[in-house]
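A.B. asks: What follows is each chain in one-letter form.
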Amino acid sequence: MSLDAATVRRVANLARLRLEESEVETLRGELNGILGWIEQLQQVDTEGVEPMAGGAPGEARLPWRADAVTDGGIAEKVLANAPDREGAYFAVPKVVE
Amino acid sequence: MRPTDLTLAQGLDALERREISSLELTDAFLDAIERLNPRLNAYITVTAEAAREAARASDARRAKGEAGPLEGIPLGIKDLFCTEGVRTTAASRILGPFVPPYESTVTANLKRDGAVFLGKLNMDEFAMGSSNLTSAFGPVENPWSRANDPSKRLVPGGSSGGSAAAVAARLAMGATATDTGGSIRQPAAFCGIAGIKPTYGRCSRWGIVAFASSLDQAGPVARTVEDNAILLSSMAGHDPKDSTSANLPVPDFRAAVARGVKGLRIGVPEEYRLPGMPAEIEALWEQGLAWLREAGAETVPISLPHTKYALPTYYVVAPAEASSNLARYDGVRFGLRENGADLKDLYERTRARGFGAEVRRRIMIGTYVLSAGYYDAYYLKAQKVRALIRRDFEEAWAQCDAIVTPATPSAAFAMDEKQDDPVTMYLNDVFTVTANLAGLPGLAVPAGLDAQGLPLGLQVIGRAFDEETVFAVGGAIERAAGFDAKPGIMA
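Sequence order for the protein chains is U and V.
Just so you know, the working numbering puts the end of the first sequence at 297, numbered straight through with nothing missing.
Just so you know, the working numbering puts the end of the second sequence at 472, numbered straight through with nothing missing.
Same shape as in the complex, but just chain V (with noise of 0.2 Å):
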């Protein structure tokens, strides 16, 4: 087996074992990265050197018996996360030359358990989007593609698309990411990889470029589920630095994974059968619920009657929180400057030639709806329709322990489709919103192909800081669905 297909979890048995380096391991994915990147674009900025003085480092940790949980794992981050010293881009042509002084919470936490990192991965400018067509760095490829158009290119979902595309095509071991509504779980369906959006809180968020402050969890990406519960539990954490982050311990996840669904209650609520929802998709969520039963567990139908409104309360509450966040770019403390003939005109063009498209058009959404006279009537009630559909959760948890859907509308579309109207582009987090407005774990899984042999995904919805058993019923589904297909561009 070569290094690249490793799992997480393999790959720290090996340098246990000491059958590899960190080195050498770290040394593959760059020489996968070299090969690969190019065509695939997933890292804007690749750290060869840093790494492998980092995986030298780790080597020799290892070898004084100071292995922390991930010495020696190369993995990739999001360009959203700030690493010190490392340009840090938010996939924005305003952010350009910002080279943090700081490392983020979740980013230090992953070099404290051993973690070598290998680049700063490709995303949609400011994480507002799904498809990484808005990055200022250009697309990404999703390395996988259709068997009867293999030359079409796709798009890795988004937004945080480089991390699942380094992922699934092994450029990395596992990643960072971050999910807003739905950037990590669309993406990791889309690629045919596991991901999870923690609860809210359970990451801290000191350190990650802030685009809607109440929607924002940092999580993992990675090729299973058990790679995902190993990186969770150093991401997460209680940091003093984030007020919103959660102040309880951080359970065994890994331990989760095994842990079965015997007597288990998954609901399956009604909502999510969208009218004209593909036929493969529908069949999959039925033979994921079919793995369950005959896993012990009992699939009770739920009712989440607001379901239809959060695509549009998103709509509200994360334009109006980037609106706020975003007025810190104004080209005088860092990132980009465009001169102008006094102050303002010198924050005006700076914003204007800073910002791409899609992030303008949020702002502009955000800055009305806040505006005087319209605050109410899109605001107030928008975080009003957002406590009815986090009531619905509430009331479905009397009837079941975790919820199962798809994991998205559809397999990944092409990079020459859907980008005329914003509102299209905006259905593919119709099944993953839901649980950033209520501050839910959600974790997607990839459970099958479509007919032209595309990964499809399903989620796993759970309670508040539950992820253990949002791990267990992924694990169960991981396990039944026995997903072995990989990618046609691959290290």
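So that you can see chain U by itself, here it is in the shape it has in the complex (with noise of 0.2 Å):
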């Protein structure tokens, strides 16, 4: 499979990077360069095999903990870092006019 332009903007898109046309081509070469190496992963028979989702070595079993608040009233930790806010929120530009 070979990626196209057209492709390359929608996946920009989609992960939310602003790409300039300058940099389409560049990027679609060394897109399909990674693309075309990982392709040999089509030469291995996994029929039957169960994926491997999580990196647990073993049987791994996700924990559970009572459903209790545990942390919280810490409104202005939270808004520290914020790069603009306004009160006790985050603030972005006008979304609804």
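Treat the hints with care, since some could be wrong.
[Claimed, not checked] Interface residues of chain V toward chain U, partial, derived using beta-carbon atoms under 8 Å: (1) T180; (2) F315; (3) L327; (4) I344; (5) R367.
Hints in this document: simulated from the structure, not taken from any laboratory.
Heads up, the beta-carbon is just placed ideally off N, CA and C, and yes, glycines get one too.
Assembling the complex is the task here: the two chains are given apart, and the hints tell you how they should meet.
C.D. replies: Right under this line is the structure:
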């Protein structure tokens, strides 16, 4: 599978990465190089193999904890790194006219 | 002996015998940083005043008889670990001004045990790289250089290149690092020091900037295997805040280092004999196996048949997880913001300006392999091949107790080599990435020098949660190798 310029633009849009028109061709070449190399995975017979999800070396069991409030009341800490804020809220450009 | 020459274990002894104070030790390292960091660029942030304050507090605790296991030891912290009140960048422009309001579990554990933090160490941006060339804060220089071309600046490896360079040049007694595909072991090998990626789940990932959550593990780098064992004992342990953190007791890793290898079966995987591998690396590998046989181990040929698919599997799984993890950097809640015409434009401009080229490439690959229509062909397929790679190891453990391989396919390369093609750079991790995919512990140990006088390392891979055997084998290699070469740039 080889990516065309339209797919590169579509993926950049999905990833919310602004792409200048002058960058499309270079990126397309690099991505196709990587994807072409990844293509060799298709040679592997994986019939009947369960996909490995997560990184645990053995059987992964997700632990449970009580559904209780364990944190909170730290609005100032949460907002401390905000590029822009209004009161106890993160501020962004107007979304609805 | 100068204080910066002490190993971590020797430093603890000297502190305990009151031959030196933590403040004196800390000042010695801060002086070394002041002199050499402008050239090496190993630290992004030096916290000199906070370090002196912590050292004074440590000396006071020791005087009161309240010394912890790492009391007074000056360490460097990879800038991927969130440190409360101290800027944490992940070596990215996008996190540039970020000051965490919390402390990662691993660094909190080190503080609990008395460690003193000197500052935050440089790395590849978001831990994506094998050279440290992708850092937004400039490259790190390897303190070693080639005998026939000493002016050629070499890379320290990556992504934990600042950690490895700082420890090798004696700008820290030890350092924290992380390893997603080889990011502890490859830079350790390139800089002539030791480093261990423990079993997935051994250290909490809470408060570590996430790259690929099913592969990321924290671990130490230090000059000796024993120093690594001491540091890992403090870093490891169960943490309810990381659901993948293993609820298992932390063994006495330090005791395991001297255990010896008598009766152990050491697996030698045929598939790691790469065509075109430098003869020096092949010879060092044979030498390492001979040392282990002399120490009483048996070496056995094993097969890990899916090895050749490990890197392509990694370059589907890791970018997929990264594209998801890095979605949080949107310019709204923390870090860099580039204003735009509307909210979407703000996101897109912030992310395009904030992420470097390699990070953007990996986000693109990850977004593509997870997108509708391609998920099964790429992501699901890679997860299945990953299961086969894990199965290869499970079958190998019937025949051996540990596996020994070269740590890297070459010695450190120059800053102006290997940059044109991403795939060539990815091949650096060919020997290390399998342990991440299978979740297994892997230790790099310096074992010799190449013809140019550059360090080369061997890797020991062990069973899940059997770091003790890994340390025993690494300790035996270290004792036999007697590696005492020193880098050209050193405090």
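A.B. asks: Could you run down the list of hints and mark each one as holding or not?
C.D. replies: The hints, checked one at a time:
no., hint, verdict
1, T180, "holds, 6 Å"
2, F315, "holds, 4 Å"
3, L327, "holds, 6 Å"
4, I344, "holds, 5 Å"
5, R367, "holds, 4 Å"
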